[in-house]
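Construct the entire structure; sequences and hints are all you get.
In the order they appear, the protein sequences are chains A and B. Reading the first sequence from the start, the letters are residues 1 to 199 in the working numbering. Reading the second sequence from the start, the letters are residues 1 to 199 in the working numbering.
Calculated directly from the structure, the hints in this document are not laboratory data. None of these values were measured; they are calculated from a predicted model. We treat Cβ as the ideally placed atom computed from N, Cα and C, and that holds for glycine. You may find that some hints are simply not true.
[Stated by the list, open to error] Distance ranges between label pairs, derived from CB positions:
1) B/ASP28 to A/ALA71: 47 to 57 Å
2) B/TYR6 to A/SER64: 12 to 22 Å
3) A/TYR6 to B/GLU151: 49 to 59 Å
If you want the building blocks of each chain, they are given just below.
Number of protein chains: 2
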Amino acid sequence: MPTIKYYLREGLLPAGVLTSPNQAHYDDEHLRRLRLVRALVDVGGLSIAAVREVLAAIDTRDDSLHNKLGAVQEAISQPGSGELDPLAVKDVQAFFERQGERDCVDVTESNVTHMLAAALSAARSVGHDHFHDLLDPYLEGLKIIARADVEYIARRGSSDDVIEGMVVGTLIGDAVIKAVRRLAHAQVSRDVIGNGSDD
Amino acid sequence: MPTIKYYLREGLLPAGVLTSPNQAHYDDEHLRRLRLVRALVDVGGLSIAAVREVLAAIDTRDDSLHNKLGAVQEAISQPGSGELDPLAVKDVQAFFERQGERDCVDVTESNVTHMLAAALSAARSVGHDHFHDLLDPYLEGLKIIARADVEYIARRGSSDDVIEGMVVGTLIGDAVIKAVRRLAHAQVSRDVIGNGSDD
Numbered sequence: 001m002p003t004i005k006y007y008l009r010e011g012l013l014p015a016g017v018l019t020s021p022n023q024a025h026y027d028d029e030h031l032r033r034l035r036l037v038r039a040l041v042d043v044g045g046l047s048i049a050a051v052r053e054v055l056a057a058i059d060t061r062d063d064s065l066h067n068k069l070g071a072v073q074e075a076i077s078q079p080g081s082g083e084l085d086p087l088a089v090k091d092v093q094a095f096f097e098r099q100g101e102r103d104c105v106d107v108t109e110s111n112v113t114h115m116l117a118a119a120l121s122a123a124r125s126v127g128h129d130h131f132h133d134l135l136d137p138y139l140e141g142l143k144i145i146a147r148a149d150v151e152y153i154a155r156r157g158s159s160d161d162v163i164e165g166m167v168v169g170t171l172i173g174d175a176v177i178k179a180v181r182r183l184a185h186a187q188v189s190r191d192v193i194g195n196g197s198d199d
Numbered sequence: 001m002p003t004i005k006y007y008l009r010e011g012l013l014p015a016g017v018l019t020s021p022n023q024a025h026y027d028d029e030h031l032r033r034l035r036l037v038r039a040l041v042d043v044g045g046l047s048i049a050a051v052r053e054v055l056a057a058i059d060t061r062d063d064s065l066h067n068k069l070g071a072v073q074e075a076i077s078q079p080g081s082g083e084l085d086p087l088a089v090k091d092v093q094a095f096f097e098r099q100g101e102r103d104c105v106d107v108t109e110s111n112v113t114h115m116l117a118a119a120l121s122a123a124r125s126v127g128h129d130h131f132h133d134l135l136d137p138y139l140e141g142l143k144i145i146a147r148a149d150v151e152y153i154a155r156r157g158s159s160d161d162v163i164e165g166m167v168v169g170t171l172i173g174d175a176v177i178k179a180v181r182r183l184a185h186a187q188v189s190r191d192v193i194g195n196g197s198d199d
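Here's what the structure looks like:
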């Protein structure tokens, strides 16, 4: 497979053990790392340079799996480039304060909080000034989803497999959630707005 | 504003009442329609032709608001162009059967079910054959979210404003949910995987 040779050349996969001049042996560890690199490139759309950074974060010995997951999550969560509305930034900070976390001084320090502030800025730019009212019910629903996500990946054996599961689960999960949310809209709209009346 | 003139010329806004040779009066109805067209173009990224189709669906007299919302939702939910895995299609059909809905014979009939089958196909293509196990907990969490979404838009007065709210709420909501899900991951991962151990 040419991609494996490419990943080897780029230093993203450790070299196998040579069993003959033109054959190398790769063990399970290699396969796990290959799956992870593929997930980062094919599903995450990361550049080779970004993959190298992610792998360096993962291979740091003196860090917990929780912190490694956080570092990878940042790498796969790129915020848009739009201007942030200062009021939307305040919305995010107020949300964090309601969660009992008071350390969100600069929302652009994390890609994830930056992404949230960017989305609320987009809402405000089209006159939806109270979109932040949805944050608390969103978090309530997303805790159920996040628990299922974390259980899905925690079953996996190795640290590389847990992280690969998080990359795939986070990014493909975004698309699945988009679709299932629309199905849930249809169900709830039938109950709340009803099928028979107009305006 | 040049965009208003453009929308008028394209027939997306009804003409105002002329109050002098070069001034027209626009009422609240016009403003609501303008907000809706802007949401479809600026937030939804729809082409002018697609906006025209959406408006035609909305202006159909003999249809319920619920059905109109469904038509607009389809217009703003474009599935990707990837191949569908027949096993992923079966996953979607089994999910519908579990919901007691047996009429999902062809998933490509609706953009939303097509989007779901495409996402599960992507998961299978990277070896995640059990991603569909997440559908039930996802729906559970998304029902809470969808209820908040529908309440958010149902407060609005006119049919155009409800639909505008659904377009903005659905699309900007997708981005907000992406970010809040990652925050929930961090919270849950701290509880389940813990902060101190490696592998």
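Against the structure, the hints:
The beta-carbon spacing between B/ASP28 and A/ALA71, approximately 51 Å, falls within the hinted interval of 47 to 57 Å. Range check, B/TYR6 to A/SER64: about 55 Å between beta-carbon atoms, so the 12 to 22 Å window is missed. Checking the proposed 49 to 59 Å range against A/TYR6 and B/GLU151 shows it holds: the Cβ atoms sit about 51 Å from each other.
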